[in-house]
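Peer 1: Generate coordinates for the entire structure from the input sequences, incorporating the hints supplied.
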Amino acid sequence: MKYKDYYATLGVPRDADAEQIKKAYRKLARQHHPDVSSAPEAEARFKEAGEAYATLKDPEKRAAYDQLGRRPAGEEFAPPPQWSHDFANDQAFEGVDLADLLAAMGRGRGPSRGPVPLHGRDYETSVRIPLEDAHRGTNVSLELADGEGGRTLEVTIPPGTTDGQKLRLRGKGGKGRNGGADGDIYLHITLAPHPVFRADHHDLHFNLALAPWEAALGADVEVPTLDGPVMLTVPPGTRSGRRLRLRGRGMANGREGRGDLYATVHIDVPATLSERERELFRELATTSHFNPRVLAGKEKSHGTATA
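Here my numbering runs 1474 ahead of the position in the sequence shown, where the first position is 1.
Hints in this document: simulated from the structure, not taken from any laboratory. From the three backbone atoms N, C-alpha and C, an ideal C-beta is built for every residue, glycine too. Please note that a few of the clues may not be correct.
Here are the computed lysine-lysine pairs in the PhoX-like style, where the Cα-Cα straight-line distance is at most 25 Å [stated by the list, open to error]: (1) Lys1501 / Lys1521; (2) Lys1531 / Lys1496; (3) Lys1531 / Lys1497.
What follows is a set of in silico ranges between Cβ atoms, one per label pair, in the way DEER data are often shown [what the hints assert, rightly or not]: (4) Gly1692 / Gly1722: 19 to 25 Å; (5) Ala1482 / Gly1728: 31 to 37 Å; (6) Ser1600 / Ala1482: 14 to 20 Å; (7) Phe1680 / Trp1557: 26 to 32 Å; (8) Gly1722 / Ala1577: 58 to 64 Å; (9) Leu1641 / Glu1534: 26 to 32 Å; (10) Glu1550 / Val1601: 44 to 50 Å; (11) Val1601 / Phe1551: 27 to 33 Å; (12) Arg1672 / Ala1528: 46 to 52 Å; (13) Ile1741 / Asp1479: 51 to 57 Å; (14) Arg1610 / Ala1513: 51 to 57 Å; (15) Trp1687 / Glu1617: 20 to 26 Å.
Peer 2: As structure tokens, this is what we get:
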């Protein structure tokens, strides 16, 4: 049979409550009712919305539908054997429409089979945390509106969590019924922008401003890390745009290791100069053989200037 994404049809999230589902259906029904809309696809949209609503408004049918998992709409699939045993009386599924199967769910079941164990609903939510908390680990409080009156859940974020990572909280979702297992919560992690660092998985990047003489002569400069400042040796002749790596000074990776820290060099020219500094720069300009417009024996030709 072909999978149908009823949540996408109604335009609601998978953790939508009954009231959200009802409102979404009523809106679509009014919009696509054949007596209202003359659009060619209106009748088909109206029927699709009714089919989705018929399943999602019924707690038992919705629980059975959710247990089928998530897959692309229109993909051919067969329910797993345990699902077949629990919900569909072990029937064959070839040529069966998903809507017909869910509509007929529970019919023909003998009295000896007893109540069907129903898996609790899974929920998805997201949380934004500072980079420092992702590095060291932290605890966050989640306010969940799960159709059971709402609740607060304390969640531990492990050290080394990265941007975009999804954490699975087993058994923290909706309560199972008739002996079914409790559902899970899927927690999506996003990192708040940091004023200094840019995270790339467990590596960190930042911009390092150097004075011209520090870049030319080399220097030991203090640079920030998530665990406090450290000294970085800048080699002589460092050019703008060069990346200097501090191995093992990035984020924790959750395996007792660390990513790396990369400093991208930018030459910071003073906005104002003293007279003595001007004299030194003039002396450098008259004695230096360095020509910044010539590189590796070839003139740069990014453009031409005209008077």
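Peer 1: Tell me, in ascending order, the numbers of any earlier hints that this structure violates.
Peer 2: 7, 10, 15
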